[in-house]
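Asker: Sequence:
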Amino acid sequence: MFGDEYSLQDDLYSHRTLLFLQTKTDADVIKMMAYILIIAGALTFIISFLGYCGAMFESRCLLCVYGILILVVLILECVVVGLAFGLKGDVEKGTQDFLKDTIAKYYATTSDKIDTVTVAWDGIMSKLHCCGVENYRDFSENKNWTTMVEKMVPDACCIKENDVLKDSTCPINPTSFNTYQTGCYKAIMTAIEENAAIVIGVAATLVFIEVLVIILALYLACCYWRPQHGRLGVKVIY
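For the sequence shown, my numbering gives the first residue as 1, with consecutive numbering after it.
What the hints contain is simulated information worked out from the structure, not anything from laboratory work.
Mixed in with the good hints, there may be bad ones.
[What the hints assert, rightly or not] Quick list of in silico lysine-lysine cross-link-like pairs, BS3-like style, CA-CA up to 30 angstroms: (1) Lys127 / Lys186; (2) Lys160 / Lys100; (3) Lys127 / Lys105.
Being a predicted model, the structure only gives us computed values, none of them experimental.
Taking the hints into account, I'd like the entire structure generated from these sequences.
Answerer: Right under this line is the structure:
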């Protein structure tokens, strides 16, 4: 009974979160990301400053706080990774729906309305040779695109040779011969899997560095007393 109730609450929370993201404009999303990055940078600076002051002034308190904060960050990273794997299906579905919504609502119909969403999508599709989220039919959800521009897909979805469209009719009549058939979500996941060794290596290196920093911080905290007490717990007598 309680399990069903919690599951229903999780589904409602996920649905509300998705609706919240979908109702945000491009400027709102960028502003939110900017705030998140600013907060993350400020927290990183504060934690690093505590570690620096702790080592500089040989303060056991600051070193302990620094080590504990790094440990909390490491635990949160592990929790996020665990949730990502545990809720993989829901995360994938929610991500695909959100990406489709950006195409349907924010992909520019004319060159004078190009914004960051359009530029980002064009860059991804050209670089990864993909089209849409699942396929090129995702652009049919953008009614302004199909009615005002009278195209089925943007030029970025079309196969090019020497930066020229292989088939000039591609935007109007996309086929398997002139249009990228792979969806960009699958292309991104494939790129990550192909570089899994690099991703795992970087993640393992970061975890190793964080663990090493925690050990060193706590070691110094155990060794250092306040200057008036001397080092290694031995009182200095002048």
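Asker: For every hint, state whether the structure bears it out.
Answerer: Results for each hint:
Using a Cα cut-off of 30 angstroms, the hinted pair Lys127 and Lys186 holds, with the two alpha carbons roughly 14 angstroms apart. For the suggested pair Lys160 and Lys100, the alpha carbons sit about 24 angstroms apart, so the restraint of at most 30 angstroms is met. With a CA separation close to 23 angstroms, the supplied pair Lys127 and Lys105 stays within the 30 angstroms bound.
Comparing the model with each numbered hint stated earlier shows that all of them hold.
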